[in-house]
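Can you build the whole structure from these sequences, using the hints too?
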Amino acid sequence: MIDQKDNFNRKRPLIERDIDLTTFLKTVQVVVIAGVRRCGKSSLLYLIKEKLELAEQNYCYFNFDDERIISQTSILDQIYLAHLELYKTEPVFFFDEIQNVPNWEKFVNRIHEKGLKVYVTGSNANLLSSEIATSLTGRNKTITLFPFSFAEYLKCRGKSIDVKKVSSKAKSMIQGEFQEYMKLGGFPLVVQEEDLELVNQYFQDILYRDIIARYRISQVNELKQIALYLASNTGKLFSYSTLQNIAGVKSTSSVKSYLDYLEHSYLFFYLKKFDYSVKKQIMNSRKVYAIDPAVCNRLGFRFSENKGRILETIIFLQLLRMKHEVFYHSGKKECDFIVQEGLEITSAIQVAYELSDINVKREVDGLLEAMKAYGLEKGVLITADNQVKGEDIPDQIEVILAWKWLIENTDS
Numbered sequence: 001m002i003d004q005k006d007n008f009n010r011k012r013p014l015i016e017r018d019i020d021l022t023t024f025l026k027t028v029q030v031v032v033i034a035g036v037r038r039c040g041k042s043s044l045l046y047l048i049k050e051k052l053e054l055a056e057q058n059y060c061y062f063n064f065d066d067e068r069i070i071s072q073t074s075i076l077d078q079i080y081l082a083h084l085e086l087y088k089t090e091p092v093f094f095f096d097e098i099q100n101v102p103n104w105e106k107f108v109n110r111i112h113e114k115g116l117k118v119y120v121t122g123s124n125a126n127l128l129s130s131e132i133a134t135s136l137t138g139r140n141k142t143i144t145l146f147p148f149s150f151a152e153y154l155k156c157r158g159k160s161i162d163v164k165k166v167s168s169k170a171k172s173m174i175q176g177e178f179q180e181y182m183k184l185g186g187f188p189l190v191v192q193e194e195d196l197e198l199v200n201q202y203f204q205d206i207l208y209r210d211i212i213a214r215y216r217i218s219q220v221n222e223l224k225q226i227a228l229y230l231a232s233n234t235g236k237l238f239s240y241s242t243l244q245n246i247a248g249v250k251s252t253s254s255v256k257s258y259l260d261y262l263e264h265s266y267l268f269f270y271l272k273k274f275d276y277s278v279k280k281q282i283m284n285s286r287k288v289y290a291i292d293p294a295v296c297n298r299l300g301f302r303f304s305e306n307k308g309r310i311l312e313t314i315i316f317l318q319l320l321r322m323k324h325e326v327f328y329h330s331g332k333k334e335c336d337f338i339v340q341e342g343l344e345i346t347s348a349i350q351v352a353y354e355l356s357d358i359n360v361k362r363e364v365d366g367l368l369e370a371m372k373a374y375g376l377e378k379g380v381l382i383t384a385d386n387q388v389k390g391e392d393i394p395d396q397i398e399v400i401l402a403w404k405w406l407i408e409n410t411d412s
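Residue numbering for the sequence shown follows full-length UniProt numbering, starting at 1 and increasing by one per position.
Mixed in with the good hints, there may be bad ones.
Straight-line Cα separation of at most 30 Å, DSS-like style, residue types lysine-lysine; simulated pairs [said to hold, decoys possible]:
#	residue 1	residue 2
1	Lys169	Lys51
2	Lys5	Lys169
3	Lys155	Lys169
4	Lys372	Lys236
5	Lys88	Lys141
6	Lys51	Lys171
Derived DEER-like restraints, expressed as beta-carbon distance ranges [unchecked claim]:
#	residue 1	residue 2	range
7	Asp162	Asn221	48 to 54 Å
8	Tyr270	Leu84	42 to 48 Å
9	Cys156	Ile400	20 to 26 Å
10	Ala82	Glu50	20 to 26 Å
11	Lys250	Glu16	45 to 51 Å
12	Lys378	Lys141	47 to 53 Å
13	Met283	Ser304	32 to 38 Å
Treat the hints as calculated values from the structure; they're not laboratory data.
No experiment lies behind these values; they were computed from the predicted model shown.
Don't be surprised by glycine CBs; every beta carbon is placed ideally from N, CA and C.
Have a look at this one:
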């Protein structure tokens, strides 16, 4: 326990995330930080601990992803009692990868009822949500953490940007950094070490530790082939039959299970086509998006060949960070993203890496069709490279550079 606490307190580069932590610091509820492996959950726990200004004796930290630990329910009480014996005071609890402990939610609920503060992290959405629903309904606040956004990436690289006062020289620098972000993505250590090789290890850990071991999967190659196919096809439609054929899976139900496991581990997200009928939403084909550009670039395809789909993935992830409910539009034409707030469609967004005379009509027409379908007066066209004159774009469409849109639309 002391070793783990020392490791937790080791010096690390702390990047302020695009999250307002005020309510999470003040709350008496259990705080759950959920997200993919290696996205910075432990660092955020440490940042919260620092902001709470807790002395050594006033907090208890434990990481249940430690292979030396036999994760039985009783270990939680053992940790609690060990802290009381050592420090003689009630702690604030910080538990990493709590989903590895069976029935963890019962212990957390019990100490929460004693009035103790608890912060936990986890990297399995299904386990966290089902266990929270069992014992902690109405008693928890959840932070869904992603790898670095572009704004966070710039902080990590030591770049300070004021969008309202950007010089020509600064714009050139930001464009260069954005190209690097499209390649490296936002996993903190990948960014700090500029090493995409790390993504291979993350991928293996997610597959073997979070999925294969947990769900006792025997056909490992089937799962791996589906995951690699999805990484290669971010931003594209997929079907069960295609995945079944590619991976040699015998049943559609197995494909569905694999897709669920990959989604629960936060490795992939599936985007539905918008329809006012929920039944049709479920029936229609979905698009897949990877958790980070690095997953696509390292496991899927060559960056130079798929800049458009990488950019689309980055915009999609930012919409999720902003807690939007997102769909795609498909009629006679297509629009990448439709944002719904409550029962109302509030925006239509089209994404094109390069805007030129060759593709501008297709991109604009798809956006206009979506705007008309949902009664929107304005639309947004996001691009990394705009080569089109203003008169080629209708007045009701705002064209904005991707880096600028990303910085202006942070979660905090």
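Now for the hints, and whether the structure bears them out:
no.: 1; hint: Lys169 - Lys51; result: violated (36 Å)
no.: 2; hint: Lys5 - Lys169; result: violated (44 Å)
no.: 3; hint: Lys155 - Lys169; result: holds (18 Å)
no.: 4; hint: Lys372 - Lys236; result: holds (24 Å)
no.: 5; hint: Lys88 - Lys141; result: holds (29 Å)
no.: 6; hint: Lys51 - Lys171; result: violated (34 Å)
no.: 7; hint: Asp162 - Asn221: 48 to 54 Å; result: holds (50 Å)
no.: 8; hint: Tyr270 - Leu84: 42 to 48 Å; result: holds (45 Å)
no.: 9; hint: Cys156 - Ile400: 20 to 26 Å; result: holds (24 Å)
no.: 10; hint: Ala82 - Glu50: 20 to 26 Å; result: holds (23 Å)
no.: 11; hint: Lys250 - Glu16: 45 to 51 Å; result: holds (49 Å)
no.: 12; hint: Lys378 - Lys141: 47 to 53 Å; result: violated (33 Å)
no.: 13; hint: Met283 - Ser304: 32 to 38 Å; result: holds (36 Å)
Going down the numbered hints, you'll see the structure goes against 1, 2, 6, 12, while the others check out.
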